[in-house]
Amino acid sequence: MEIKEILVNLSEASGVSGYEHNLADYLEQNCPWADEIRRDKLGNLIMLKRATKVSDKPSPKVMLAAHMDEIGLIITKIEEDGFLRFSTIGGIDQRVLLAQEVIVHGKEKLVGVIGAKPPHIQTASERNNAVPMDELYIDIGYDTREQVEELVSIGDLVTINQQVVKLNGSLMAGKAMDDRACVAVMLECLKELENVKHAADIYAVATVQEEVGVRGATTSTYGIMPDIGIALDVGHGDMPGVPEYRTIKLSGGPGIALGPHVHPKLYERFVKTAKDWNINYTLEPATRPGGTDAFAIQITQDGIPTALLSLPLRYMHTPVETLDYEDVRKTARLLAKFISELDQEFVEGLKCF
159 MEIKEILVNL SEASGVSGYE HNLADYLEQN CPWADEIRRD KLGNLIMLKR
209 ATKVSDKPSP KVMLAAHMDE IGLIITKIEE DGFLRFSTIG GIDQRVLLAQ
259 EVIVHGKEKL VGVIGAKPPH IQTASERNNA VPMDELYIDI GYDTREQVEE
309 LVSIGDLVTI NQQVVKLNGS LMAGKAMDDR ACVAVMLECL KELENVKHAA
359 DIYAVATVQE EVGVRGATTS TYGIMPDIGI ALDVGHGDMP GVPEYRTIKL
409 SGGPGIALGP HVHPKLYERF VKTAKDWNIN YTLEPATRPG GTDAFAIQIT
459 QDGIPTALLS LPLRYMHTPV ETLDYEDVRK TARLLAKFIS ELDQEFVEGL
509 KCF
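If you read the sequence shown in our numbering, its first letter stands for residue 159, the second for the next number, and so on.
Derived by calculation from the structure, the hints in this document are not laboratory data.
Mixed in with the good hints there might be a few duds.
[Stated by the list, open to error] Derived BS3-like pairs: lysine-lysine, alpha-carbon spacing no greater than 30 angstroms straight-line:
#1 K433 to K423
#2 K219 to K162
#3 K211 to K265
#4 K430 to K509
#5 K423 to K324
#6 K433 to K211
#7 K219 to K423
#8 K509 to K215
#9 K265 to K235
#10 K162 to K495
#11 K267 to K235
#12 K219 to K430
#13 K219 to K355
#14 K355 to K211
#15 K215 to K355
#16 K211 to K495
#17 K219 to K199
#18 K162 to K275
#19 K349 to K423
#20 K495 to K509
#21 K355 to K275
#22 K355 to K430
#23 K355 to K495
#24 K407 to K162
#25 K355 to K509
#26 K235 to K219
#27 K433 to K355
#28 K275 to K199
Using the sequences and the accompanying hints, generate a full structural model.
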């Protein structure tokens, strides 16, 4: 199966933070490029590709991290008339929820729609503001609470019912591309390394619960204790209304982050590798860490030398997150070239600036 098809299936599947097990099952069945696959107690999927260069010294350990969880909703109340109230898991912008088609994951999958009072009967002030979360509800077509309670319970999860849309060329849009597109980057990297000798053991980790506090990266880094950690996440692609300096050019390759969350020597090495292999990239300066798995990796125990590559993505945290699959391939190629050129001397040099 092509990895692009794997990404489509991942995007359309459900896996809200804390409930990613079905995604891990799917990846485990569709990653022939790893020598060993296991899960830790929190649910992170760890795909290990062992070093192919023989050395007297222990192989350096490189950890790649891309989160597979998505933002979603959770049922909080069943009204007398059968409507469902809900709250959010992760950073959902309530403005994109109105009129969405959703799947309620109850005793069976139930299709519903998110509704609210229409503008015709709103007050003037209501029409000028986004509908508050507590005024939104899910309609699954039942008339009474008793009917609904046979199928739905408080605490059931809800995801947006969104199929992947193919746009012009290699562009595509769908939900949860943040960060399943970077899981695809890891798979493309492992596939490219099939025919390349490398001195490092590669731990490609599909992490859990990033959207609620980088929890999966925290536990998996402690378990692996890599010599180098590389977080893979999405960055803001260029789009109308956003200053150029805050974006990464779509179709222009990955963003290479620099700032206090990135080890300077890793940043310099990634830039050199990109230039050496003519891989397009954008510099992505950041004033403070946080928000990605890089934060958790960097501060594990006495510190892990960490880098961050960002895949350009438009319309983050909406059901139509848009990317260019060629950027997935370019990011994977940069990773594979970086890994293939690693040696023990470089890794040991990371211990001091």
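So, going through the hints one by one against the coordinates:
1. K433 to K423: Holds: K433 and K423 sit about 15 angstroms apart, inside 30 angstroms.
2. K219 to K162: holds (27 angstroms)
3. K211 to K265: At roughly 50 angstroms apart (the allowed maximum being 30 angstroms), K265 and K211 break the hint.
4. K430 to K509: Judged against 30 angstroms, a Cα distance of about 20 angstroms means the pair holds.
5. K423 to K324: Status violated; Cα separation ~38 angstroms.
6. K433 to K211: holds (25 angstroms)
7. K219 to K423: holds (17 angstroms)
8. K509 to K215: holds (17 angstroms)
9. K265 to K235: With Cα atoms ~16 angstroms apart, K265 and K235 stay inside 30 angstroms; holds.
10. K162 to K495: Holds. K162 to K495 sits at ~21 angstroms (cutoff 30 angstroms).
11. K267 to K235: holds (18 angstroms)
12. K219 to K430: Answer holds: K219 to K430 is near 21 angstroms, not above 30 angstroms.
13. K219 to K355: holds (15 angstroms)
14. K355 to K211: Distance ~6 angstroms between K355 and K211 Cα, so the pair holds.
15. K215 to K355: holds (16 angstroms)
16. K211 to K495: holds (15 angstroms)
17. K219 to K199: Distance ~21 angstroms between K219 and K199 Cα, so the pair holds.
18. K162 to K275: violated (40 angstroms)
19. K349 to K423: OK: K349 and K423 at ~26 angstroms, within 30 angstroms.
20. K495 to K509: holds (22 angstroms)
21. K355 to K275: violated (61 angstroms)
22. K355 to K430: holds (20 angstroms)
23. K355 to K495: It holds: about 10 angstroms lies between the C-alpha atoms, which stays within 30 angstroms.
24. K407 to K162: Roughly 21 angstroms separates the two Cα atoms, so the pair holds.
25. K355 to K509: holds (25 angstroms)
26. K235 to K219: violated (47 angstroms)
27. K433 to K355: Holds: K433 and K355 sit about 21 angstroms apart, inside 30 angstroms.
28. K275 to K199: violated (44 angstroms)
Comparing the model with each earlier hint shows violations of hints 3, 5, 18, 21, 26, 28; every other hint is respected.
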